Amino acid sequence: MFKKLIVLSVVAATVMLTGCSSVPVPLESKEIESITKTFPNPPSGKAGLYVYRGSNLIGRANTQLKVVLDGDSIGRTSENTYFYKVISPGQHKLDTQTTIGPSVPLVFNAEAGHNYFVKQDPNVSSYVIYGGTSITMVDEAEGEKGVLECEQAK
Numbered sequence: 001m002f003k004k005l006i007v008l009s010v011v012a013a014t015v016m017l018t019g020c021s022s023v024p025v026p027l028e029s030k031e032i033e034s035i036t037k038t039f040p041n042p043p044s045g046k047a048g049l050y051v052y053r054g055s056n057l058i059g060r061a062n063t064q065l066k067v068v069l070d071g072d073s074i075g076r077t078s079e080n081t082y083f084y085k086v087i088s089p090g091q092h093k094l095d096t097q098t099t100i101g102p103s104v105p106l107v108f109n110a111e112a113g114h115n116y117f118v119k120q121d122p123n124v125s126s127y128v129i130y131g132g133t134s135i136t137m138v139d140e141a142e143g144e145k146g147v148l149e150c151e152q153a154k
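Going by UniProt numbering, the sequence shown runs without a break in its numbering and finishes at 154.
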């Protein structure tokens, strides 16, 4: 019985670590990417939202993670990608969905004139605890650094 449990655990860990391979997300033009990577102020009366995903053990499987803002899909990320979205001020609910299920949602209040940075972290503990990935609001310095290491997805 104990041997079966060990074998099952190894198989489950392998599946979680390899993920479901998929085609990388389409990328934005380098011209648009060069503008968003200067981190301009959002348009008047609006806020900016950067969602980025670096590289890690799970990310190397190149799985796409669907990003949902206030119930609407706003894009997908894969390893080392980000996207930028202009949003209205006010309370928002951000979620990431994987083949396993949604993450724990991130609820935040956006103020006009500010950029917000959210890091997706698809890691083993997130797969076990959160159903696939964790999403975290990070400060401007960490967010800009993370975005600069990524390519912009459409």
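Derived from the structure by calculation, the hints contain no laboratory data.
Remember, it's a predicted structure, so these values are computed and weren't measured experimentally.
Any given hint could turn out to be false.
[Said to hold, decoys possible] Cβ pair distances, simulated, as ranges:
id : residue 1 : residue 2 : range
1  : Leu27     : Glu111    : 14 to 20 Å
2  : Ser55     : Ser88     : 27 to 33 Å
3  : Glu140    : Ile32     : 28 to 34 Å
4  : Ile74     : Ser29     : 24 to 30 Å
5  : Asn109    : Ser34     : 16 to 22 Å
6  : Ser29     : Gly90     : 19 to 25 Å
[Unchecked claim] Subject to a maximum C-alpha distance of 16 Å in a straight line, what follows is the list of computed EDC-like cross-link-like pairs (lysine to aspartate or glutamate):
id : residue 1 : residue 2
7  : Lys37     : Glu111
8  : Lys85     : Asp121
9  : Lys46     : Glu28
10 : Lys46     : Glu31
11 : Lys37     : Glu151
12 : Lys154    : Glu142
13 : Lys119    : Glu28
14 : Lys66     : Glu33
15 : Lys46     : Asp95
16 : Lys66     : Glu142
17 : Lys93     : Asp72
18 : Lys37     : Glu142
19 : Lys93     : Glu111
20 : Lys119    : Glu31
Virtual Cβ for every residue (Gly too), placed ideally from N, Cα, C.
Hints, verified against the model:
1. Leu27 to Glu111: 14 to 20 Å: Roughly 30 Å apart at Cβ, these two residues miss the hinted range, so it is violated.
2. Ser55 to Ser88: 27 to 33 Å: With Cβ atoms ~32 Å apart, the hint holds.
3. Glu140 to Ile32: 28 to 34 Å: Violated, since Glu140 and Ile32 (Cβ atoms, about 21 Å apart) do not stay within the stated range.
4. Ile74 to Ser29: 24 to 30 Å: violated (19 Å)
5. Asn109 to Ser34: 16 to 22 Å: Cβ of Asn109 to Cβ of Ser34: about 30 Å, so the range 16 to 22 Å is violated.
6. Ser29 to Gly90: 19 to 25 Å: For Gly90 against Ser29, whose Cβ atoms are near 30 Å apart, the range 19 to 25 Å is violated.
7. Lys37 to Glu111: Answer violated: Lys37 to Glu111 is near 20 Å, above 16 Å.
8. Lys85 to Asp121: violated (19 Å)
9. Lys46 to Glu28: violated (22 Å)
10. Lys46 to Glu31: violated (22 Å)
11. Lys37 to Glu151: Between Lys37 and Glu151 the Cα gap is close to 10 Å, so the pair holds against 16 Å.
12. Lys154 to Glu142: violated (22 Å)
13. Lys119 to Glu28: violated (19 Å)
14. Lys66 to Glu33: violated (20 Å)
15. Lys46 to Asp95: violated (20 Å)
16. Lys66 to Glu142: The given pair, whose Cα atoms are some 22 Å apart, is violated under the 16 Å limit.
17. Lys93 to Asp72: holds (10 Å)
18. Lys37 to Glu142: holds (14 Å)
19. Lys93 to Glu111: Within the cut-off at roughly 14 Å; holds.
20. Lys119 to Glu31: violated (23 Å)
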